[in-house]
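A.B. asks: These protein sequences, in sequence, are chains A, B, C and D. Note that the working numbering gives residue 212 to position 89 of the first sequence, counting from 1, and the numbers run on in steps of one. Note that the working numbering gives residue 433 to position 310 of the second sequence, counting from 1, and the numbers run on in steps of one. Note that the working numbering gives residue 1232 to position 154 of the third sequence, counting from 1, and the numbers run on in steps of one. Note that the working numbering gives residue 1163 to position 85 of the fourth sequence, counting from 1, and the numbers run on in steps of one.
I should point out that these hints are in silico values taken from the structure, not numbers from a laboratory. Since the model is a prediction, treat every value here as computed from it, not as a measurement. Cβ coordinates follow ideal geometry from the N, Cα and C atoms, glycine included. Treat the hints with care, since some could be wrong.
Said to hold, decoys possible - Derived, one-sided and incomplete: chain C residues facing chain A with beta-carbon distance under 10 Å:
1) Gly1110
2) Tyr1112
3) Leu1136
4) Glu1138
5) Ala1204
6) Gln1206
7) Pro1243
8) Asp1263
9) Ile1319
10) Asp1321
11) Val1322
12) Glu1373
13) Pro1375
14) Tyr1378
15) Ala1385
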Amino acid sequence: MTAGTQPVVQSATRPAAPADPRVELLRQMVRVRRFEERCVQLYSAAKIRGFMHLYIGEEAVAVGAIGALSADDAIVSTYREHGHALVRGVSAEAVTAEMFGRVTGCSRGRGGSMHLFDIGRRFYGGNAIVAGGLPLAVGLALADRMRGRSAVTACFFGDGAVAEGEFHECMNLAALWRLPVLFCCENNRYAMGTALERTHAVTDLAARAGSYGMPSAAVDGMDVLAVRAAALDAVASVRGGHGPFFLELRTYRFRAHSMYDPDRYRDKAEIARWKRRDPIDRLLKQLTDGGAVDAAAVAAMEAAVAAEIDAAVAAADAAPVEDVADLTRFLLAEQRTRHG
Amino acid sequence: MTAGTQPVVQSATRPAAPADPRVELLRQMVRVRRFEERCVQLYSAAKIRGFMHLYIGEEAVAVGAIGALSADDAIVSTYREHGHALVRGVSAEAVTAEMFGRVTGCSRGRGGSMHLFDIGRRFYGGNAIVAGGLPLAVGLALADRMRGRSAVTACFFGDGAVAEGEFHECMNLAALWRLPVLFCCENNRYAMGTALERTHAVTDLAARAGSYGMPSAAVDGMDVLAVRAAALDAVASVRGGHGPFFLELRTYRFRAHSMYDPDRYRDKAEIARWKRRDPIDRLLKQLTDGGAVDAAAVAAMEAAVAAEIDAAVAAADAAPVEDVADLTRFLLAEQRTRHG
Amino acid sequence: MAEITYREALREALRDALRRDERVFLMGEDVGRYGGAFGVSLGLLEEFGPERIRDTPLSESAFVGAGIGAAMNGMRPVVEIMTVNFSLLALDQIMNNAATLRHMSAGQCGVPLVIRMTTGGGRQLAAQHSHSLEGWYAHIPGLRIAAPATLADARGMLWTALQDPDPVLVFEHGSLYNTSGDLPDDAGPTDLDRARIRRAGRDVTIVTYGGTLGKTLTAAEELADSGVDAEVIDLRVLRPIDDVTVMESVARTHRALIVDEGWRSGSLAAEITTRIVEQAFYELDAPVGRVCSAEVPLPYAQHLEAAALPQPAGIVRAAGELVGAS
Amino acid sequence: MAEITYREALREALRDALRRDERVFLMGEDVGRYGGAFGVSLGLLEEFGPERIRDTPLSESAFVGAGIGAAMNGMRPVVEIMTVNFSLLALDQIMNNAATLRHMSAGQCGVPLVIRMTTGGGRQLAAQHSHSLEGWYAHIPGLRIAAPATLADARGMLWTALQDPDPVLVFEHGSLYNTSGDLPDDAGPTDLDRARIRRAGRDVTIVTYGGTLGKTLTAAEELADSGVDAEVIDLRVLRPIDDVTVMESVARTHRALIVDEGWRSGSLAAEITTRIVEQAFYELDAPVGRVCSAEVPLPYAQHLEAAALPQPAGIVRAAGELVGAS
Ligand SMILES: Cc1ncc(C[n+]2csc(CCOP(=O)(O)OP(=O)(O)O)c2C)c(N)n1
Ligand SMILES: Cc1ncc(C[n+]2csc(CCOP(=O)(O)OP(=O)(O)O)c2C)c(N)n1
Ligand SMILES: [Mg+2]
Ligand SMILES: [Mg+2]
């Protein structure tokens, strides 16, 4: 997208390919950011309920890492997955409607913020049990391998999840069987209110991979270009048959853990320090400095994003809810072969 | 004990101090070995039932490691714990009676082979859930630390247990809190029928400790002197306040996993190769070559051990069983303070 | 008398225990610097320090097991599992160690441990964060299971649990933390033995506990308006169950309804029903009824979740049917 | 017709499934080189190779979860958890993923997974190795729970389970592996829907399943000697429960006894009892009885263990009392 001459991207999910691919990375980050900023308002307005975990500050991770995947690859995510879902192509409307509890939501309102699903896009859901998604990722990858497919399964989880037993079991199993799993550790330095140093005896998480014989890389998760480059390498390694890869993405959440969290445990100065590394500001500056975008282009981008979100919210708001009579629908498959 | 001139040790649990301390190590290994050989007969005679896991071949580990502990230190063990219990000082009679299901057993017949307890000796039991004892060890050590005691908790577990999530959680927690735990990994190269290489992506288990920042050592578990030396160092490190220590004891079980196991998965040549490294033969040769024992001393030792075991079996055989009316006794404490 | 919330009552109980007995300490995820996921332990770290208010890594099995080990070794730990949903990760430790060690060792050791956890649905937290599994735990011999539903029990059960030589699990329903009311300044320990009649009535016995007590009392008032006088029993302790209080009530009312947020099949309500059948069959004028959660993972959407959970209207309907039945 | 053991029948079912459907594979601890802890899969590694007969590390949560993931992605895994005792370590995966994913995703994905495990006591394996927790699992919506008690079901349930688009847990009682008898050579799949009357009778309905079916049939013969004609129902499927078969029987006999190896409080027996009360109360001539395990961790000593478990004598006594009751 060059300085205002090209038409503004109309559809958020199918943008006209911009000249400089970095502009699309910027757009995706802005889109996730603005979406979640709107979510905060919608939560205050009690349109969204339950637990909601924001990704604000961490956008470079989803945009960089998921951008390195192909459409055949699978993704397993956490409860902090708005960004993952949006970047993967789940529409803002489907996500919003889900959080509004509407039948047009990507899980028909059954999941809410923590359980966005889009199996058509191989997005195997947000999982709200810390580390609970890792075994699924191992199994998805196992099946792809057994079925002779070259797909990679990317599995997102936090620094806190690394302390769970399941992390260990899954790292070992994936490495032992050389499965095509890309372990994406979003190290935002806190598990709720518990800082990295009070969770882990050794805080260099990427180094852990070595004890499973797994290759790894630690990347500045506030730099979307670095994330993307590292993820492309990692995906190539996994797809090349070299077994799983552990990618540590060093990032920070600018907001509290969830909407319930008064954020008493972090130093304001620390938050301010990290905010100076805002991944959007950083890329924007690079692009502006290099002349790839100008103020008008950015304004157009913001306007398009705002329009997309406005439309999503309006559509979600107008959407119906699931019929209560369908409460137990989907508990089991609708068709079951009977035998014997 | 020098060549036949000294009286034969009468009590197995309180031997007269022999001149060369290695002789006592030999005696303990022989005692554990002969005890278990008798167990095999007793199992065939259906005197012992249920699961029974033999330690034959691994005696140097218990004798060397437990010998390095003091009476105040605590021990958490597995289902393969006859050796640990005997070396800790639980009488052969109490162990036999336990396996006979008698009220004089060290768990009054409720536990059997897998659940030997002697809390007076700080022997916190055999645990039959693989890795299930590790969290207990962490907690015992935490309490000792909080209570200002200098005790060490030694926790035994196998190579297979290292794959369990609990291993990871406990290693991290003990290291993070710098608790006085001695992790004793009895690496006998098999978890039931599954060889080390098919369980672990990285088979150097001691190296794992590094990823928790924990000091470690790998020792020849067929050499009781090496085990003892390494354990003394490790215990000193833990007691000295340097946090937990991981000791890998490289050993081998000469018999099948349990009495149910037809041992189809191991190569006969491999077993034969390891038998040539029998820890008892090895020490015996050293002691004989050096003149510390002669044939007569060994015969006397064997006779004393046999006598102890005979007496234990006879006593266990004559002992009564728990009254069936006491089935639910010990489910809860007999005394409970009522409030409110 | 002071106005106090359920959350504050729990905190007072913890503070009191930490002051009275130096063997007591609190351990769990985010109990310290965060102040507890539901704010229960806010301020305790500052008052008692990090040795006694211990933030743990996300390692449910390890820190619950560590609580067991510490309890066996002279301490009186209070372990907080953030919610019952995560307790599954520690269930092996609870079942195979906490509940079992005393018996397996023939009384040589005991596990005087208290485990607290939040339970229940109703806050739109969806399928993985809305379980009501206290009925499951009540199946395990060797445990005592408490479900404080009132301010007095929130304040009073902890100390009693800490005096118990055996493990006690305390289930705090997530909907209760913000409930408030007056509590006497000298409110003391409450027993962990007996159920309580929270509303006396003659026509039907409604047995419930924890998060559904409030809904049941609401239903009882509605029933009263239509002339049905319900007796409401708060079980308080789910293991062992106080059969006497239940049977005496059924002997008076001849009708019983159980309200339980667990999924219907295999619920605690089934156990209570069975005990009534075993012990008071000939007193019954109608089949025992139960109002439980629908057998479905709890959905996020408010209207679906509400439809899945026991509600006053459903309780009124079920009780009305029972009283109508011959 | 050929003489076959329960173990062999299970093996034949596995072999058959592996041959018929290339998506099927077996995964678990020691299923390969060892041949299965109880010998069920002996020889299958040699026949089908290590890709389809996969030995796993001791990592219950990881490999059960991997089975779930593989099932979601086009395979038909059979996961063996060596025994129910260790399944607690995988319970989070079973409850929060296997049983939940279809509903939570509004039907976008399903988990056509079969999990097999050994259950039960009676072999002097002591407290940590003798659990009967299938009743617990029967509480979880989204699962189907099977308990093959006969050779025909050992041979026939697996294929049906593999056709199911949802997760099926199969509980094999440890005491059954060595039982033997004749099975037709063309023995085929058996349903996972209905209970079966294993012995017809008029005086009392005895409902049981799995490891206690044999004991119950023994008791029924003894009862017959003393003139009591017991009908014995093998539930076969513990979730969903076939109420119709049970209620029709109770409508004939007017008396019911449940025999269940689970601990008494909170047992599956309580659920069956409650359903009978809910659906057939006015048919009952006596309270429903239950014979369950004593509420104690199972002890090692033979005489204590035997006293803790349901036994024919206790079943005879309980049924006798029921028939005696007015
Ligand atoms: C097993 C489990 N334990 C506890 C929780 C409660 N909880 C939700 S998120 C969270 C922190 C997780 O931290 P991390 O893995 O670093 O991810 P982040 O939230 O920072 O992205 C906790 C403790 C949970 N959901 N699951
Ligand atoms: C959690 C759990 N899973 C499986 C088992 C069954 N099992 C008992 S011992 C064993 C092998 C353990 O191997 P390892 O840790 O190496 O100890 P070893 O028996 O070799 O001493 C297995 C699989 C168990 N007891 N607990
Ligand atoms: Mg984090
Ligand atoms: Mg081993």
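A.B. asks: Indicate, hint by hint, whether the structure satisfies it.
C.D. replies: Status of each hint after checking the structure:
Because the closest C-beta pair between C:Gly1110 and chain A is about 8 Å apart, less than 10 Å, the hint holds. Because the beta carbon of C:Tyr1112 sits about 3 Å from the nearest beta carbon in chain A, less than 10 Å, this interface hint is met. Nearest Cβ of chain A to the Cβ of C:Leu1136: about 5 Å, under the 10 Å cut. The hint holds. With its C-beta approaching chain A no nearer than about 8 Å, C:Glu1138 sits inside the 10 Å limit, and its interface hint holds.
Taking 10 Å as the C-beta contact cut-off toward chain A, the hint placing C:Ala1204 at the interface holds, the least distance being around 5 Å. Restraint check, C:Gln1206 versus chain A: the minimum CB separation of about 4 Å is within 10 Å; hint holds. Using the Cβ-Cβ criterion of 10 Å, the hint placing C:Pro1243 at the interface with chain A is not satisfied: the shortest such distance is roughly 30 Å. Using the Cβ-Cβ criterion of 10 Å, the hint placing C:Asp1263 at the interface with chain A is not satisfied: the shortest such distance is roughly 28 Å.
Taken as an interface hint, C:Ile1319 does not check out: its beta carbon lies about 30 Å from the nearest beta carbon of chain A, beyond 10 Å. Proximity of C:Asp1321 to chain A is violated relative to the hint, the smallest CB-CB distance being about 33 Å (cut-off 10 Å). Among the interface hints, the one on C:Val1322 is violated; its C-beta lies about 38 Å from the nearest C-beta in chain A, farther than the 10 Å criterion. At about 7 Å, the closest approach between the beta carbon of C:Glu1373 and any beta carbon in chain A falls short of 10 Å, and the interface hint on this residue holds.
Nearest Cβ of chain A to the Cβ of C:Pro1375: about 8 Å, under the 10 Å cut. The hint holds. At about 3 Å, the closest approach between the beta carbon of C:Tyr1378 and any beta carbon in chain A falls short of 10 Å, and the interface hint on this residue holds. Interface hint status for C:Ala1385: upheld, as the beta-carbon distance to the closest one in chain A is roughly 5 Å, under 10 Å.
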